[in-house]
Amino acid sequence: KQEVTQIPAALSVPEGENLVLNCSFTDSAIYNLQWFRQDPGKGLTSLLLIQSSQREQTSGRLNASLDKSSGRSTLYIAASQPGDSATYLCAVIPTQGGSEKLVFGKGMKLTVNP
Amino acid sequence: GAVVSQHPSRVICKSGTSVKIECRSLDFQATTMFWYRQFPKKSLMLMATSNEGSKATYEQGVEKDKFLINHASLTLSTLTVTSAHPEDSSFYICSARARRTSGSEQYFGPGTRLTVT
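Each protein sequence line maps, in turn, to chains A and B.
Quick note, the first sequence lines up with residues 28 to 141 if you use my numbering.
Quick note, the second sequence lines up with residues 8 to 124 if you use my numbering.
Chain B extracted, bound-state conformation (with noise of 0.2 angstroms):
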């Protein structure tokens, strides 16, 4: 159980355009996902945490016009890079905390890799 599931898992674009990534809970109710970058040979950095039904939190620097974050159920949540730029190619990762008390596991989709031409 607990499975997070990210679609695509790879994309490329062309510089300006838009690209949307999915992060879907499989197997159970996520009330909170959260959406991280990661640079080569760097942790994740945290862009921002989305609630269902509410608008999503931003970390300080995190562009939240070009970082368009959409929690529409309680099983998605969306990420669109608008106007996509070649310094946005990075690995992008969800993660899904299950509705129970604070302090539960998150569990972490695969994986996106954007690339930027």
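Next up, chain A with everything else stripped away, as it sits in the complex (with noise of 0.2 angstroms):
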């Protein structure tokens, strides 16, 4: 059974750090990983989607990388802004059960302070 493990639980730092979020995920046949993000309150916001053919992908201030044979995922934070101050979550669809189901991780909350 896959599992997706985000550690730590919460992060507090001060503005302008550059930040490093872990996943690890138990098995390494997946189709793809995603990250999101949840603010107080709200649904998810997709912010990166690598496929699992992929190693990385890229949006702004946003990196996140794959290697799917240890079973890992970094989500790079560059400069980090109060208005990052989120939870962010990490996601994997297993290749096998057939059908295209989100295994989620718990999710890390991040405050950045000004």
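Rather than coming from a laboratory, the hints here were simulated on the basis of the structure.
Even glycine gets a Cβ: it sits at the ideal position worked out from N, Cα and C.
It is possible that part of the hints are untrue.
[To be verified] DEER-style ranges, computed between Cβ atoms:
1. A:P141 - B:G60: 46 to 52 angstroms
2. B:S61 - A:Y103: 36 to 42 angstroms
3. B:G60 - A:P41: 51 to 57 angstroms
4. B:T124 - A:A56: 41 to 47 angstroms
5. A:E30 - B:L75: 29 to 35 angstroms
6. A:E83 - B:G68: 24 to 30 angstroms
7. A:Q81 - B:S90: 42 to 48 angstroms
8. B:R120 - A:P35: 35 to 41 angstroms
9. B:S25 - A:Y103: 41 to 47 angstroms
10. A:T53 - B:E70: 24 to 30 angstroms
11. A:D54 - B:E29: 30 to 36 angstroms
12. A:T53 - B:K71: 24 to 30 angstroms
13. A:Q78 - B:G23: 26 to 32 angstroms
Assembling the complex is the task here: the two chains are given apart, and the hints tell you how they should meet.
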């Protein structure tokens, strides 16, 4: 059974720091991996999607990498800002099972202090 | 593009009543929609997978008679919480997968906060 882990559960940093958020998954057989952002009381915003054949994706100050063989992904946030404060969720779609159900980690709550 | 809406955003209902939540893909056709439930400070729990024109597939432990799902068109899925109880109070989020090849991105709605009194 696929399990996704995000450690730490929470992180508080001063503004301007470059951040690395970690995500690990137990089974390397995945279709893709997706990073989301969730603001309090809101839905999920997709940040980056990495297909299983890709190594990384970039969008603005965000860069996500994928190492399928080791079951790891990292989300890199450059020059963090208070507006980046949110919960960040990592999710994978396993290739087994025939459906396209996302398996989520528990998320990491990020606080960027001005 | 790829916007998913949910209605209502918040609903308060009395115990024993039924509540319907709508999930719409606004600018794409969604062959598959997913319904999630999220408890405070917890991750999302998948409740069911909804395919257009067919019965929903429920996850283990989710009562299909309590959480009725209808996916009548390629842009609309509804979740009806029947005979709601206070323990059904939660944040319900839907997502939609565009009509593309496997492994495509899922787009999430803004969520619906249900409070049962």
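### Task
Against the structure, test the hints numbered earlier, and report the numbers of the ones violated in rising order.
6, 8, 13
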